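Q: Given chain A, put chains B and C in place with the hints provided.
Each protein sequence line maps, in turn, to chains A, B and C.
The first sequence: position 50 = 50 (the working numbering), numbered continuously.
The second sequence: position 172 = 172 (the working numbering), numbered continuously.
The third sequence: position 154 = 154 (the working numbering), numbered continuously.
Any given hint might turn out to be false.
Under the rule of at most 20 Å between Cα atoms (straight-line distance), these lysine to aspartate or glutamate pairs were calculated in the EDC-like manner [said to hold, decoys possible]:
#1 C:K6 / B:D21
#2 A:K3 / B:D21
#3 A:K225 / A:D105
#4 C:K50 / B:D248
#5 B:K153 / C:D136
#6 A:K262 / B:D188
#7 C:K10 / B:D21
#8 B:K2 / A:D49
#9 C:K47 / A:E44
What the hints contain is simulated information worked out from the structure, not anything from laboratory work.
Given the structure is predicted, the values throughout are model-derived calculations rather than measurements.
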Amino acid sequence: MTKLRNVAIVGFAQLPIVARDEHRMSSEMLYPAVREALAQVGVERDAIDYQISASTDYMDGRPFGFVSALDVMGSWPPRQDLHLEMDGTFAAYYAWIRMQADECDTAIVCGHGKTSEGEPDRVLGLQLDPYYQAALGLDATSTAALQASAYMARTGATDADLAAIAARNRSAGTKNPDAQVREAASAAGLQMSPWAVEPLRRGYVPPIGESATCLVLAAEGKAEKLCDKPVWIHGVDHRTEMQTLGARDLSRSASARFAAGKACAMAGIAGASAVDLAELHATNPAAELILCEALGLDPKAAKPAINPSGGAICGDPIMSTGLIRLGEVFRQLSGRAKDRAVAGAKKAIAHGTQGHALQHNIVWVLGSERRWS
Amino acid sequence: MKRPVAVVGVGQTHHAARRADLSIPGLVREAVDRALADAGLEHDDIDAVVIGKAPDMLEGVAQPEQFLAGAVGAHMKPMLRVHTAGSVGASTAITACTHVASGLYDRVLTIAYEKQSEGNAMWALSPNMPFTTPLVAGAGGFFAPYCRAYIAKTGAPPHIGPMTAVCARENAARNEYAHLREPMTIEDVMNSPVLWEPIRYLETCPSSDGAIAMVIASGDLAKQGPRKPAWVKSAASYAEAMWVPGRDQVSPRAGKVAAKHVYDRAGITDPWNQIQTAEIYVPFAWFEAMWLENLGFAEVGEGWKKIDRGEQRFGAHLPINPSGGVLCTNPIGASGMLRLGEAALQVMGRAGAHQVEGVKNALGHAYGGGAQYFAMWIVSTEL
Amino acid sequence: MNEPPKEPVKYVETTLHLPYHYVAGDYRAVQLRAFKDKKIIGSRCSKTGKVFIPPILNSPESFAPAEEFVEVADRGVVTTFCVVNIPVIGRSLEIPYVAASVALDGADISIFALIQECKAEDVRMGMRVEAVWKPDGERQGSHEDILHFRPTGEPDAPQEFYINRL
Numbered sequence: 001m002t003k004l005r006n007v008a009i010v011g012f013a014q015l016p017i018v019a020r021d022e023h024r025m026s027s028e029m030l031y032p033a034v035r036e037a038l039a040q041v042g043v044e045r046d047a048i049d050y051q052i053s054a055s056t057d058y059m060d061g062r063p064f065g066f067v068s069a070l071d072v073m074g075s076w077p078p079r080q081d082l083h084l085e086m087d088g089t090f091a092a093y094y095a096w097i098r099m100q101a102d103e104c105d106t107a108i109v110c111g112h113g114k115t116s117e118g119e120p121d122r123v124l125g126l127q128l129d130p131y132y133q134a135a136l137g138l139d140a141t142s143t144a145a146l147q148a149s150a151y152m153a154r155t156g157a158t159d160a161d162l163a164a165i166a167a168r169n170r171s172a173g174t175k176n177p178d179a180q181v182r183e184a185a186s187a188a189g190l191q192m193s194p195w196a197v198e199p200l201r202r203g204y205v206p207p208i209g210e211s212a213t214c215l216v217l218a219a220e221g222k223a224e225k226l227c228d229k230p231v232w233i234h235g236v237d238h239r240t241e242m243q244t245l246g247a248r249d250l251s252r253s254a255s256a257r258f259a260a261g262k263a264c265a266m267a268g269i270a271g272a273s274a275v276d277l278a279e280l281h282a283t284n285p286a287a288e289l290i291l292c293e294a295l296g297l298d299p300k301a302a303k304p305a306i307n308p309s310g311g312a313i314c315g316d317p318i319m320s321t322g323l324i325r326l327g328e329v330f331r332q333l334s335g336r337a338k339d340r341a342v343a344g345a346k347k348a349i350a351h352g353t354q355g356h357a358l359q360h361n362i363v364w365v366l367g368s369e370r371r372w373s
Numbered sequence: 001m002k003r004p005v006a007v008v009g010v011g012q013t014h015h016a017a018r019r020a021d022l023s024i025p026g027l028v029r030e031a032v033d034r035a036l037a038d039a040g041l042e043h044d045d046i047d048a049v050v051i052g053k054a055p056d057m058l059e060g061v062a063q064p065e066q067f068l069a070g071a072v073g074a075h076m077k078p079m080l081r082v083h084t085a086g087s088v089g090a091s092t093a094i095t096a097c098t099h100v101a102s103g104l105y106d107r108v109l110t111i112a113y114e115k116q117s118e119g120n121a122m123w124a125l126s127p128n129m130p131f132t133t134p135l136v137a138g139a140g141g142f143f144a145p146y147c148r149a150y151i152a153k154t155g156a157p158p159h160i161g162p163m164t165a166v167c168a169r170e171n172a173a174r175n176e177y178a179h180l181r182e183p184m185t186i187e188d189v190m191n192s193p194v195l196w197e198p199i200r201y202l203e204t205c206p207s208s209d210g211a212i213a214m215v216i217a218s219g220d221l222a223k224q225g226p227r228k229p230a231w232v233k234s235a236a237s238y239a240e241a242m243w244v245p246g247r248d249q250v251s252p253r254a255g256k257v258a259a260k261h262v263y264d265r266a267g268i269t270d271p272w273n274q275i276q277t278a279e280i281y282v283p284f285a286w287f288e289a290m291w292l293e294n295l296g297f298a299e300v301g302e303g304w305k306k307i308d309r310g311e312q313r314f315g316a317h318l319p320i321n322p323s324g325g326v327l328c329t330n331p332i333g334a335s336g337m338l339r340l341g342e343a344a345l346q347v348m349g350r351a352g353a354h355q356v357e358g359v360k361n362a363l364g365h366a367y368g369g370g371a372q373y374f375a376m377w378i379v380s381t382e383l
Numbered sequence: 001m002n003e004p005p006k007e008p009v010k011y012v013e014t015t016l017h018l019p020y021h022y023v024a025g026d027y028r029a030v031q032l033r034a035f036k037d038k039k040i041i042g043s044r045c046s047k048t049g050k051v052f053i054p055p056i057l058n059s060p061e062s063f064a065p066a067e068e069f070v071e072v073a074d075r076g077v078v079t080t081f082c083v084v085n086i087p088v089i090g091r092s093l094e095i096p097y098v099a100a101s102v103a104l105d106g107a108d109i110s111i112f113a114l115i116q117e118c119k120a121e122d123v124r125m126g127m128r129v130e131a132v133w134k135p136d137g138e139r140q141g142s143h144e145d146i147l148h149f150r151p152t153g154e155p156d157a158p159q160e161f162y163i164n165r166l
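Just chain A, same shape as in the assembly (with noise of 0.2 Å):
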């Protein structure tokens, strides 16, 4: 394996997830996140080379809706700059390869956009093809159900395996003051709730929700400056598949253990079982078991701790929700988890996903010590 430049996550910020963001607008929520994200770093805006920003159209519900973070991102003077219509885990991986290419040592990835203020299960049931899927009027959690159904009919999982991932989900929540849904709830109770789509109930899927995030990269050498203990990049991949729903295998995700396999080889590391704690970017119970058999964890087992943050499923702030779960495994690992904290935590995995059904998957491996010397 080539030796790549040592990366860390020196910093993360983010607002609370809430349903909605009575008192700000959309970039007006990102400008604490940055602010708040520098003075954890102790520098000031300038210091920072690259930013690169997330979000979409879509959601904010008119065209080129990215460009106020401009002006709440510290873009003067003018900034190499980039923005992805992706949530902030993939902006994080062009900020780490314009790091492997030298081009910076330290970046701001922020994420945004208030998913409340539209209807995101419908604007997301647009990302369909317009031709043949969309026309069926699939929304977000009806192709996830789909998932889901494919999943339960391949394994034999049950309503229950569902609603106990939810529960654990739920329980670890009430420790994170960041998340959206800090309650916890049997499995009984939330095999009670209605059905969202058969078979995701209301009480598997998150509700609607709205944050901002910066995280801040730095490259070795500038990194140790900036935070006591960095965590450094291990390894990282990503792979997207067909979005067809019709032509993969949707009770399996096969991009998520494709780009563990890769991720887990750069980080040299035998696979995802050997880290302390894995945060899954699984807005729904089905595509936690589908990503935990994808990445070979075992749900019930200890180790590695599977979202101590509570999970999408606690708040899913539409293209942060990635980006978060980079942003709790530095907290994890940079002794910054307080109540949730999986003690003697060393290596970890988070995982992002964007599109249908799981259909592009980034799968990170970090840790508390340097991977390359």
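A: Coordinates of chains B and C only, in the frame set by chain A:
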């Protein structure tokens, strides 16, 4: 660049007001298939796909790269989707270059497209900021006041814009892929309706359907052929905030900073004499004069004079937009990559009837937002 | 419909209706509420003292917070403009209309505004204008409380005044 990076294949569609013969995947494939053929490669040779386009409202499909993943050969590959407004095609190509420069990817397919006939482009370009009276009608409505300011500052005569537009059409006549290719005269332009005073209809870019794709490869692979590559000497993508007091919107700072970045790294100290052709993003004719100054091809206040003297015409000292540019072809998401791709074609000696003679260095440039995003590269015949 | 179509299907037409409910935000709300009293409010950068309309959380220039609310005049100077002749779906403004960049007295950035009560060809850079408000009792604390701007008849501002405040 950390390691040498080159363009080894370029393919574009025949751009038109409406490509009713193709679906969105079909449009994208026309460009992708041509780019791969040009590079002598198959999909299996490609390590990743970087795709860009402008607002998704232009076609009514959210994040369409997701449904296009199969069509562009991205199944089980990494794929990223870029969106930096009008400059997106260029910043997308630059993102692909960085992937290769990093050493982690050897060949990246980069694509930019727009099939805007399928939505209502004027509506999509006239965003209603909430809690504000909607006044801006289309991109021209935003930029026309700054063209007026340029004319006021420089005292440029009124025929410069029309002259630029006429020159662009002459160039497009030599470009089989361009959308608008019919010649016109300065009188034609002066007689055309005023859309946003001072910008006239025939000084305005069209609304086009089109796509372009390129294969970016590592230096070692590029040297293997089959053809002479275009070496990417330098590339940069910058952005600046909008509401900065006193912000110069006639010659934005981000444009100057990005130009300095690419010139310095390519060893260009005298752009007017060291660059033999430039494809620059001119959606409204007056921007050609403005960008000549912003890019350092002309002194401040003198850009229009170079046009007046015909020094940027095909066959003259430094042909600008030999392809016809955005004024003749504007699938918004693709336009930025068309500039960078056309610059590459010039350096590769593959620009056909619009090939400029003796090109060693070419500039490809694009801008977007409220003249906030600037993305550009210098490509060269030599590493 | 039991028969398949006789011709291959070439086009699919879809109309999208997506509702969006926007939050003005506390800062914007201050400005909107003040419109009821015919006041235009901006916010001042804590570092440079520059004033932004509408009020924003931070100065994009200095990156410092801009938390102090400040009133600016409802009159100013046209820095640049264009005459719009294109209709847009869903807009009721009669064309042609003049869309101008107006530097209000006391503000450090310009706003976009509609200029009326004069012929489009009479509008010029440097022209002094004032806001025309909806009458008392009709103002609701919305951006529509300002109907448009009109020339005041005062002498134009010199080019040096407005050319860098576009």
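Q: None of the hints should be skipped; say for each whether it holds.
A: Hint check:
no. : hint            : verdict
1   : C:K6 / B:D21    : holds (19 Å)
2   : A:K3 / B:D21    : violated (49 Å)
3   : A:K225 / A:D105 : holds (12 Å)
4   : C:K50 / B:D248  : holds (17 Å)
5   : B:K153 / C:D136 : violated (41 Å)
6   : A:K262 / B:D188 : violated (60 Å)
7   : C:K10 / B:D21   : holds (9 Å)
8   : B:K2 / A:D49    : holds (17 Å)
9   : C:K47 / A:E44   : holds (14 Å)
Hints 2, 5 and 6 from the list above are not met by this structure, while the remaining hints are.
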